[in-house]
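**Student:** Sequences listed follow chains A and B, in order.
At position 187 of the first sequence the residue is numbered 187 (this note's numbering), and the sequence of numbers has no breaks.
At position 82 of the second sequence the residue is numbered 82 (this note's numbering), and the sequence of numbers has no breaks.
Quick caveat, the hints were computed from the structure, so don't treat them as lab data.
One thing to keep in mind: the hints can contain errors.
Unchecked claim - Computed spacing ranges between beta-carbons, pair by pair: (1) B:15 with A:317: 38 to 44 Å; (2) A:106 with B:339: 31 to 37 Å; (3) B:277 with A:303: 36 to 42 Å; (4) A:306 with B:310: 56 to 62 Å; (5) B:197 with A:320: 21 to 27 Å; (6) A:273 with B:310: 37 to 43 Å.
To be verified - Some chain A residues well away from chain B (every beta-carbon gap over 12 Å; in silico): (7) 33; (8) 105; (9) 198; (10) 260; (11) 266; (12) 273; (13) 301.
As the list claims (entries may be wrong) - Chain A is nowhere near these chain B residues, computed Cβ spacing over 12 Å in every case: (14) 19; (15) 37; (16) 38.
Quick reminder that beta carbons are idealized off the backbone N, C-alpha and C, glycines included.
There are 2 protein chains.
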Amino acid sequence: MQIDTVLAELRVDRPAVLARAISVVENGRPGFERLLAGCHPRLGRARRIGVTGPPGAGKSTLTHRVAAEYRRRGLTVAIVAVDPTSPFTGGALLGDRIRMEAVSLDPGVFIRSMATRGSLGGLATTTREVCDVLDAAGFDRILIETVGVGQSELDVAKMADTTVLVLVPESGDGIQTLKSGVMEVADIFVVNKADRPGAEKLQQEIEVTLGIRRGNAYRRIRAHHGVSLAKAGGQGSPPPEASAGWEPPVLLAKALDGDGVPSIVEAIERHHQAGEASGELGERRRRRVVERTREVVGRMLQRWVWSESPADRWIGDRVEEMLAGAVSPYEVAADVVTSLREGARL
Amino acid sequence: MQIDTVLAELRVDRPAVLARAISVVENGRPGFERLLAGCHPRLGRARRIGVTGPPGAGKSTLTHRVAAEYRRRGLTVAIVAVDPTSPFTGGALLGDRIRMEAVSLDPGVFIRSMATRGSLGGLATTTREVCDVLDAAGFDRILIETVGVGQSELDVAKMADTTVLVLVPESGDGIQTLKSGVMEVADIFVVNKADRPGAEKLQQEIEVTLGIRRGNAYRRIRAHHGVSLAKAGGQGSPPPEASAGWEPPVLLAKALDGDGVPSIVEAIERHHQAGEASGELGERRRRRVVERTREVVGRMLQRWVWSESPADRWIGDRVEEMLAGAVSPYEVAADVVTSLREGARL
């Protein structure tokens, strides 16, 4: 199927075309950048919601319940499940996935698992581009579920319009186990499996920590992570020093039974409205388009250097010298870059 | 301290200088490439041994026991422990680390934990460069311990001269849980915690799997992963179709008590000798120096584009157009790359 045909037929109700478009993008097949360029004018409809948290927190179940709730509200949903492809699998998630098949039989829900190996520009880049395809196709909501085992998964969560951090009472020793930077990416906290002992204690712990950070320190941390503060207030009456920003709510849920899921969806929608009103979302979009362009420039440069320029030959010509210790890779690299910049030998 | 001074004083018995040199490299501080270039002529003494495996396999304990065994043999050892910095910590490794402090009080052992955030060229690149510093300092053996939770940790293991894969009887459902590519990176298998039920079963399972793959299929897989086959045989008498290659031994161990550790060290040394004899190690060194030069070229290009060229300004000038959907990031990026290549507006 030609790229133009794919673009013309890219719609929510054409899952085969969707799957094809995504796989072109995911694997960087010929024409993938033309496909993405064609998607660009159609972007902006979908709201992107990141769901992250430690393994075993029930993210997959929660994501599917949230999808079902959106369906009840008449909206179409895409789920992008990011698998960090550990070479040593545990397979613990599979149970959840199978259990939630009911959702995947609904034609208004499109589900895609992302492999992470071999992606050209890293996990976050590829995920963003897959979300662009889904956005262009016309989905109302895109749920990005990441198994939070590494920094790159956290980067994926951070690229969303709204990030939901799912924790469970037994997550280690509570929020002390969260490394710095994790609390700050969350727009909404969910304490899942809330019928288990310690759920309310964890909720209070998070609220206290957020309270402590609500002043300048918190604002500084958010700014450091590239999150500017929304002007619109959250629900309830926030303390004075936080009146300029969104107050991340800390919600209790029991995703397996669907308990608390409507409140989560409401919080997501409220966060979106607050972001629109304050200009925060516009700011995120602007940063995203700059970041995207930088990524593509980096990728195109790599392609130029390694596929079209003589850089590899230049390196090959000097391997013996390097092995003999007469010259270092750093000196050879500097020569290569100088030659590339000068364009003299191109 | 000046880079030249660091280089002049870089020695096994100067831990403060070592720590300084590593932190310059790890954080890409000014002069780090000059430092690495200065290390280059002094490379080649150290043997690099990767230790990987699933969480909980006892890699840290094993690594420290192997270090102690090398010390008994009068060799100096550096340990590089790669922490994948999950934003959601479990902290399970800490116990092992504390328990093994005895080794860290030995001045012939240098231990360094690697953070992975903020590294310029990715985990594998930075780890390799840190190993270069340790090699140049004169360590006889470098043990690289990676917590095997992701592809990048596996990449780290693959860069070693010898890779030890540590498994335990309770590793999921045995070797079925290992994703493709994992078996193939291992030069030596260790079934740790071998007093637990299922250890010998796992050992046999691995041996059977290796046996199945010993023919062309296995050779093809190894070749695909850039591992050419050593000409010298392993221990025992390998089946005819494998006589051209190293036979990965499958060893039982109980690292906590040190049981089986001398055999592991002997296997590592034997693997090294086989690799030297067959030319395999020379081949790995050649590939490594090319790979290194490519990485440095990539890094220098990025630095040029984003710090010295007007690329960021060109992108900034067209943000409004992109937000309006009039032009896509892919078209803008292509224009930027064309301008960079032409050098016209530099």
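**Student:** Please go over all the hints and tell whether each is borne out by the structure.
**Tutor:** These are the hints, each one checked on the structure:
no.: 1; hint: B:15 with A:317: 38 to 44 Å; result: 39 Å, holds
no.: 2; hint: A:106 with B:339: 31 to 37 Å; result: 48 Å, violated
no.: 3; hint: B:277 with A:303: 36 to 42 Å; result: 40 Å, holds
no.: 4; hint: A:306 with B:310: 56 to 62 Å; result: 24 Å, violated
no.: 5; hint: B:197 with A:320: 21 to 27 Å; result: 54 Å, violated
no.: 6; hint: A:273 with B:310: 37 to 43 Å; result: 39 Å, holds
no.: 7; hint: 33; result: 5 Å, violated
no.: 8; hint: 105; result: 29 Å, holds
no.: 9; hint: 198; result: 17 Å, holds
no.: 10; hint: 260; result: 21 Å, holds
no.: 11; hint: 266; result: 26 Å, holds
no.: 12; hint: 273; result: 20 Å, holds
no.: 13; hint: 301; result: 6 Å, violated
no.: 14; hint: 19; result: 22 Å, holds
no.: 15; hint: 37; result: 4 Å, violated
no.: 16; hint: 38; result: 8 Å, violated
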